[in-house]
Structure formats: structure tokens, C-alpha cells
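K.L.:
If you read the sequences in order, they're chains A and B.
Following this note's numbering, the numbering of the first sequence begins with 1 at its first residue and continues without gaps.
Following this note's numbering, the numbering of the second sequence begins with 116 at its first residue and continues without gaps.
Do not rely on the hints blindly, as some may be mistaken.
Claimed, not checked - Calculated Cβ distances over 12 Å to all of chain B for the following chain A residues:
(1) ILE15
(2) ALA40
(3) LEU42
(4) PRO43
(5) LEU62
(6) PHE72
(7) GLU75
(8) THR84
(9) ILE85
(10) ILE87
(11) LEU92
To be verified - Here are the simulated distance ranges between beta carbons:
(12) GLU44/A / THR283/B: 56 to 62 Å
(13) GLU159/B / ASP17/A: 22 to 28 Å
(14) GLY182/B / THR57/A: 30 to 36 Å
(15) PHE77/A / HIS133/B: 49 to 55 Å
(16) ALA109/A / LEU134/B: 25 to 31 Å
(17) LEU134/B / PRO82/A: 52 to 58 Å
What the hints assert, rightly or not - Here's a subset of chain A near chain B, in silico, CB distances under 8 Å, partners left out:
(18) THR14
(19) LEU18
(20) SER21
(21) GLU26
(22) TYR28
(23) GLY33
(24) HIS37
(25) SER74
(26) LYS76
(27) PHE77
(28) ALA78
(29) LEU80
Quick caveat, the hints were computed from the structure, so don't treat them as lab data.
Glycine included, every Cβ here is placed at the ideal spot set by N, Cα and C.
Each chain is listed here by its residues.
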Amino acid sequence: MNKAPTRAPTRASTIDDLFASARTSEPYIHNQGFSTHVLAALPERAGLPFWADALITLLFTLLGCALAFAFFPSEKFAELVPTTIVISPMSLLTLTGLISLACGSAYWASETNRI
Amino acid sequence: MHHTDQVLIDSVVKEDSHLAFAELVKRYQSPLRYSLRQLTGWNEALADDLAQETFIKAYKALPGYQGKAKFSSWLYRIAYNEMISHFRVARNRELSGGIIEEQGSASVDSRDRLSSEDHSQQLHRDLAQAMTQLKDNQRMALHLHLHRECTQQEISDIMNIPLGTVKTLITRGKETLRVLLADWKLGES
Chain A
1 MNKAPTRAPT
11 RASTIDDLFA
21 SARTSEPYIH
31 NQGFSTHVLA
41 ALPERAGLPF
51 WADALITLLF
61 TLLGCALAFA
71 FFPSEKFAEL
81 VPTTIVISPM
91 SLLTLTGLIS
101 LACGSAYWAS
111 ETNRI
Chain B
116 MHHTDQVLID
126 SVVKEDSHLA
136 FAELVKRYQS
146 PLRYSLRQLT
156 GWNEALADDL
166 AQETFIKAYK
176 ALPGYQGKAK
186 FSSWLYRIAY
196 NEMISHFRVA
206 RNRELSGGII
216 EEQGSASVDS
226 RDRLSSEDHS
236 QQLHRDLAQA
246 MTQLKDNQRM
256 ALHLHLHREC
266 TQQEISDIMN
276 IPLGTVKTLI
286 TRGKETLRVL
296 LADWKLGES
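Assemble the whole structure, with the sequences as input and the hints as a guide.
P.N.:
Okay, here's the thing in C-alpha cells:
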């Protein structure tokens with residue numbers, strides 16, 4: 001049976017008893033759209049501003065270029081470049097087929113949001 | 116699947132997941148709204164407004180939540196600041212006296228109106244009405260102590276006040292409540 005407050009003479013333990021009773025009978029307050037209101041009022045999280053985003057991209061691009069320039073063996077690379085390339089028609093056809101397949105796969109993946 | 120608060124918080128912070136935040140709101144809306152009703156003299160509209168503002172501020176501040184305190188304690192801290200801020204603005208507009216008087220007079224009205232309602236519901240409202248007679252910080256300290264059974268250290272952390280002040284607030288608040296609720300005691304319904 002629920003204990004309830006009634007008018008009566010004061011007792012020393014009244015306060016603790018009253019709050020103990022309140023704790024055990026604390027009602028559950030139903031959501032009733034409260035969460036929806038809160039979520040609707042949430043602000044959009046601000047990302048980086050456009051200029052900051054562009055600046056970071058530029059800085060990393062420059063860094064990449066500097067690293068490539070510093071470490072890439074440009075002299076040796078020139079020697080590696082073949083002067084003559086011989087390729088058979090069958091190899092050329094296979095290569096074209098593979099490139100077409102890769103392009104088709106990339107298109108399909110991007111269109112179906114698989115990336 | 117039941118996720119811990121920390122998992123949901125991480126999801127909100129890292130992925131900006133509104134779904135995870137909705138879960139946190141659902142988890143804490145009832146106790147928080149109940150607490151704010153207790154702290155506002157059972158003013159349901161005001162309590163819900165403060166609760167909504169609390170959750171929005173929590174969402175904004177979530178990236179700074181370090182997990183040192185319980186999420187509920189952290190939430191109560193925001194709610195307490197919201198409540199203080201609200202009453203400060205109200206006082207500045209010279210409305211606070213009106214609010215307290217309205218709450219005091221509402222107590223008598225609601226007691227009559229609620230005579231046929233559930234006694235436990237009446238108890239919650241009457242306690243909330245009595246609490247309005249206390250100062251803001253005293254009310255919060257007593258609520259956390261008596262309703263939420265927080266330790267004095269937790270109350271000190273939530274309210275950002277010294278431990279000694281918490282003890283004083285609770286002792287004096289209880290004395291005041293004892294006078295205010297002098298006519299009430301527990302009985303069988």
C-alpha cells in the first residue's frame with residue numbers, strides 16, 4: 001500500500017520519511033515527443049570553414065610536392081624510361097579490356113554508393 | 116542492444132550521431148524532467164523548457180566531456196546552471212517574487228484540486244511546492260541529497276561549491292523544510 005502524506009503532528013524523521021517515500025514512488029515521465037523536440041532543436045555541428053579546409057589541402061599538397069622533389073631519384077628515373085615499347089595487338093586488347101572493366105566497376109561502385 | 120553511456124557519447128562526438136544522442140535523451144529525460152519539476156515548484160512547462168535547454172547545451176558541450184564524473188552528474192550540473200541562469204534573469208525582470216508567490220498560492224489550490232488524485236502524486240507536488248521556499252542553491256543541494264541520494268562530494272562537484280558549504284546548505288535546508296512541512300507526516304492511504 002502506498003504511503004501518503006497526511007496532516008499530523010511533526011516528527012523528527014518526517015523529512016527523511018517523506019523524501020524516502022517520494023524516491024520510491026517517483027513517477028516515470030513519459031517522453032511524449034520530448035526527445036523529438038530536443039532533436040529538432042539541436043544545432044548543426046560546425047565543420048571547418050571553407051578557407052581553412054582549402055588551406056589545409058594546399059599545405060599538404062605543397063608538402064607532398066616538396067617530399068617528392070627531395071626524395072625522388074629524378075636522374076635515375078630518366079634512365080628507366082624506355083625508348084621503345086613493343087606491344088602485341090592481343091596485349092593491347094587485354095589492357096584495353098582491363099581498363100574498361102576497371103572504369104565500369106568504379107562507375108558502378110560510385111552509383112550504388114558502395115564507396 | 117543496450118549500449119553504455121560512454122559508447123553513445125563517443126558515437127555522438129565522433130560521428131555526430133543524432134540516434135545515439137536520442138538514446139541518451141530517452142535514458143535521462145524522465146529523471147531530469149522530474150528533478151526540474153521538483154526544483155521549479157512542479158511547473159511542468161518551465162521544467163520541460165529547462166530540460167530541453169539542458170540537453171541542447173549538453174549536446175554542444177559533449178566534445179568537452181571527459182568522463183571524470185558520471186554523465187548524469189554532468190547533466191545535472193548543466194541543468195543547475197540553466198536553472199540558476201533562468202531565475203537570475205527572472206529576478207532581474209522583477210518576476211521572481213511573483214513566481215514564488217504564484218507557486219505558494221498554487222500549493223493550496225493544487226492540494227484542493229488533487230484531493231481525489233493519487234496521494235503519491237500529491238506528495239511529489241507538495242514537496243516541490245515546499246522546496247520553492249528555499250534559496251536556489253539550497254533547493255538544488257537538498258534535491259540532490261534527498262531525492263537523488265548523491266554524496267556530499269558529488270553535490271559539491273555538481274554545484275561547484277566547497278564541501279563545507281554543501282553541508283551547511285543541507286543542514287539549514289532540512290531545518291527550513293521541517294518547519295515548512297510541519298503539518299505533514301507519513302500515513303497509510
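K.L.:
Which numbered hints turn out to be false for this structure?
P.N.:
Violated: hints 1, 2, 3, 4, 12, 23, 25, 26, 27, 28 and 29.
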